[in-house]
Amino acid sequence: MKKIMLGNLAIARGAYEAGVTVSTAYPGTPSTEITEALADYKDIYVEWSPNEKVALEVAIGSSIAGARSICCMKHVGVNVAADPLFTVAYTGVNAGLVLVVADDPGMHSSQNEQDSRFYAMANSIPMLEPTDSQEAKDMIKLAFDMSEKYDTPVMVRTTTRLSHSQTFVENSDRVNVPIKEYKKDVAKYAMMPAMAKKRHVVVEARINQIAKDANDMDINKIIIKNKKIGIICSGVSSQYVEEAMPEASILKLGMVFPIPMDMIKNFASQVDELIIAEELEPIFEREIKAAGIACKGKEIFSIQGELSVAIIRNKLLDEPIPEADNSLPIRPPVLCAGCPHRGVFYVLNKMKLMVTADIGCYTLGAIAPLNAVDTVICMGASIGMSHGVDKALGRDASRKTVAVIGDSTFVHSGITGVINSVYNQGSSTIIILDNSTTGMTGQQNNPSTGRTIRDQVTHQLDLEAMCKACGVKSVRTVDAYDMHAVESMLKEELDRDEVSVIIARRPCILLTKEVRIPYEIDQDKCIKCRACMKVGCPSISRGLDGKITLNPSQCNGCGVCAQMCKFDSIKLVGGAK
Amino acid sequence: MTNILIVGVGGQGTLLASRVLGNYAINRGLDCKLSEVHGMSQRGGSVVTHVRIGEKIFSPIIREGDADIIIAFEKLEALRWRHYLKKDGILVINDQEIMPMPVIVGAMPYPVEVFEQIKPEGINLLVINAGEMAKECGNIKVANTIMIGALAKNIGFDKKDIVEAVTNTVPAKLLEVNLLAIDKGFNA
Chain S
1 MKKIMLGNLA IARGAYEAGV TVSTAYPGTP STEITEALAD YKDIYVEWSP NEKVALEVAI
61 GSSIAGARSI CCMKHVGVNV AADPLFTVAY TGVNAGLVLV VADDPGMHSS QNEQDSRFYA
121 MANSIPMLEP TDSQEAKDMI KLAFDMSEKY DTPVMVRTTT RLSHSQTFVE NSDRVNVPIK
181 EYKKDVAKYA MMPAMAKKRH VVVEARINQI AKDANDMDIN KIIIKNKKIG IICSGVSSQY
241 VEEAMPEASI LKLGMVFPIP MDMIKNFASQ VDELIIAEEL EPIFEREIKA AGIACKGKEI
301 FSIQGELSVA IIRNKLLDEP IPEADNSLPI RPPVLCAGCP HRGVFYVLNK MKLMVTADIG
361 CYTLGAIAPL NAVDTVICMG ASIGMSHGVD KALGRDASRK TVAVIGDSTF VHSGITGVIN
421 SVYNQGSSTI IILDNSTTGM TGQQNNPSTG RTIRDQVTHQ LDLEAMCKAC GVKSVRTVDA
481 YDMHAVESML KEELDRDEVS VIIARRPCIL LTKEVRIPYE IDQDKCIKCR ACMKVGCPSI
541 SRGLDGKITL NPSQCNGCGV CAQMCKFDSI KLVGGAK
Chain B
1 MTNILIVGVG GQGTLLASRV LGNYAINRGL DCKLSEVHGM SQRGGSVVTH VRIGEKIFSP
61 IIREGDADII IAFEKLEALR WRHYLKKDGI LVINDQEIMP MPVIVGAMPY PVEVFEQIKP
121 EGINLLVINA GEMAKECGNI KVANTIMIGA LAKNIGFDKK DIVEAVTNTV PAKLLEVNLL
181 AIDKGFNA
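Heads up: the protein sequence lines correspond to chains S and B, in order.
Quick note: the first sequence uses this note's numbering, first residue 1, plus one each step.
Quick note: the second sequence uses this note's numbering, first residue 1, plus one each step.
Just so you know, not all the hints are guaranteed correct.
Unchecked claim - Here are the simulated lysine-lysine pairs, DSS-like style, with alpha carbons at most 25 Å apart: (1) B:K184 <-> S:K3; (2) B:K119 <-> B:K75; (3) S:K227 <-> B:K56.
Calculated directly from the structure, the hints in this document are not laboratory data.
For reference, chain S alone in the conformation it holds in the complex:
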């Protein structure tokens, strides 16, 4: 039966139908729903791993052991997983191993827009890219077949628009893939120089064979229409091209690395002008030009952002694009009403500290009016960077510097930073914002929540004990809602001449089942000083008449705004105490 299905759910369905046994991931937009959907298939072992490197290593282990395995991550996750990836390219697989990577052109929810096709090229492993949900499902199955046929990991690339669009999918049954026998083979699986030198030869022969075979793969398609313009494209961009240029001839690449050069030559010879419509980097364009084929790409389309039907028609047909009204107030994402991060960031900004922050909801602490964050680089960077500030500028500077990191991000890659700061005799102060979840990606469990992806109870990582084991002598916990306590504890810990950790604890407001009484403003007492607005809560606003109102239906009762008011005008609804 035909169903309308999110691209990510179709990827999960494809893995299920392909007989996958093991699935691993760390959450990251726009890839998260793949693994959440896989958790609904009870035949598959599914886990949230603490980070992408571990996730890929688990999947490599299960593949070599003989089980079809899939590992999913967002584009920047591949940076973390790159170490095992570059070498599993050498060992190859036993049962099929597929790495799904979700790129984010236009950075809807990411810190950069790196192009994952580079990783396929750098590793000499094949990469497929579907155009809609049906193809996504089909290509996952094809990727497993290719992985076993060519003895290689296979990458499948998706982008935000594919992952988060729903299109029709025809479901099939799961194929039962028995576990393959594992045979000890040190020459294949233990990469020391002597073995790796031989395997590198295998890798190059393999990718050359795949490049040759690509010319006959039906996932690469030539559609000849009008021969004046021929357009080479892949993924969701080919949907834009087909709609924008219905008369143009098209070569749609289902395999984006290696690309079928004989087929491209044949296509180029049939059209007057060859255009490459690819999002992000000019990867096809460079390869095609290097093969001596004239084409145009990035001189027409931008390296930044997404393509669209309108952009293609604008660039190729000079059709104008209706413009947005840029005079309107923007509506950036904000910390939720009742978010436990808000009060902490207010204190950090008030104390004029340099804040090395990290990746998560609390990145939003950088935005007005909190304005508390100085730096955001990558998962876990906050702790190493605060140590760097300490070592560069000395003790006076480190008294004014704090690293801020969430619980899930801390487990992902903050722990080694703490070990480093202690080992190298630093004096950083680190705040772990423990909201007991992986918040930004939609409240996933992680080792510090003590629950698995399927919400089963498991060992709960003890953050205090973990920091102490790293050698931090002062590890203290504070209520994230209590701004006074946060501030005084922070002053004490910044003064300490050694590494210290403050765990600011409160569950994510979207997660907690606790019902708190909302607040309201007593207009008789309010002097309209706007102090409460400095915490930037979306439930408080100011009318044109200057009147401050607090919307009790939005308020989650955290009380941070009430702590800001010196006139006792913010009260619990109904006079509750």
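Please arrange chain B on chain S, whose structure you already have, making use of the hints.
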């Protein structure tokens, strides 16, 4: 081909509309593509869902200037996305204001006379108070269903088809109040 843009603020519940419209397309044997927003922008940011229904759809995203109808759950978002509308397109606005952070912190005013700004552009404008109408239905949460009803009427869907799609989408225990909401939205 029908292009429907659903705009609002993260957390307003625009997702139900896309699920209902997906079921509408399935029941009618039409192709359909939906594109929605996840992740960071969900946190109270400006959100948009693209819905395209027709014989054969390529792009999951509606081109600027190509939407037949925009359903705006919030007034400022109606202004922000109106360049997506066709020249003779229809704009259905829920009469609700949610202050964005630049307004909350006093850096910018919330736009005044939103409807007056839009009218001279020749847009077919329908303003409804979905919140009030939802209260009349007895459940504030069906404001989004009321918007779907208004959408169905204005885009020319048969009422029985949209009722069927809602029936296929919402849980049985909430069906009655949702059908009441569709009816109210359809007659708005």
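Against the structure, the hints:
1. B:K184 <-> S:K3: 29 Å, violated
2. B:K119 <-> B:K75: The hint holds at about 14 Å.
3. S:K227 <-> B:K56: Holds: K227 (chain S) and K56 (chain B) sit about 24 Å apart, inside 25 Å.
Going down the numbered hints, you'll see the structure goes against just number 1.
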